[in-house]
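Participant: Sequence:
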Amino acid sequence: MTTSDTAVPEPTPEQAALFARVRRMMLIAGLTTALAICAVLIAVGYRLFKSEGRAPEIAGDVTATLPKGARIVSTGVAGDRLVITLDVGGVTEIRTFDAHTLKPAGKLKFANEP
1 MTTSDTAVPE PTPEQAALFA RVRRMMLIAG LTTALAICAV LIAVGYRLFK
51 SEGRAPEIAG DVTATLPKGA RIVSTGVAGD RLVITLDVGG VTEIRTFDAH
101 TLKPAGKLKF ANEP
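All residue numbers for the sequence shown refer to my numbering, where the first residue is 1 and numbers rise by one.
It should be emphasised that the hints constitute simulated quantities derived from the structure, not laboratory data. A portion of the hints provided could be inaccurate.
Claimed, not checked - For lysine-lysine, the following DSBU-like pairs were computed, each having C-alpha atoms within a straight-line distance of at most 35 Å:
no. : residue 1 : residue 2
1   : K68       : K107
2   : K68       : K103
3   : K50       : K103
4   : K107      : K50
5   : K68       : K109
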């Protein structure tokens, strides 16, 4: 043995058990971290590919029928909805349509109390 070589003493049984336990805990932490990173990457990839593959639906000619005597009071856009306010014989009615497909999304009637 030369003077530049350092003598490393053998670990005691307690130290060897502690080293093994630390290695096992590090392995569990590393595998958990790798699993979490994979889950995040899968979720991001799913969202990207799901939104890319969907072609927007384009509405063709659409005719919405109104009740007899109805009058359009106003129109507007709220988010991705087209909002139509109608006056149907003195009763106010609001109809909403999906702006992309022009399919009916809802109807709200306002009536006076008797």
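Participant: If a hint holds in the structure, say so; if it does not, say that too.
Facilitator: Comparing the hints with the structure gives:
1. Of the pairs offered as hints, the one joining K68 and K107 holds, with about 17 Å between alpha carbons and a cut-off of 35 Å not exceeded.
2. Distance hint between K68 and K103 is fulfilled; the C-alpha atoms sit about 21 Å from each other, no more than 35 Å.
3. Between the alpha carbons of K50 and K103 the distance comes to roughly 23 Å, so the proposed pair stays at or under 35 Å and holds.
4. Between K107 and K50 the CA atoms are separated by roughly 31 Å; this keeps the pair inside 35 Å, and the hint holds.
5. Using a Cα cut-off of 35 Å, the hinted pair K68 and K109 holds, with the two alpha carbons roughly 16 Å apart.
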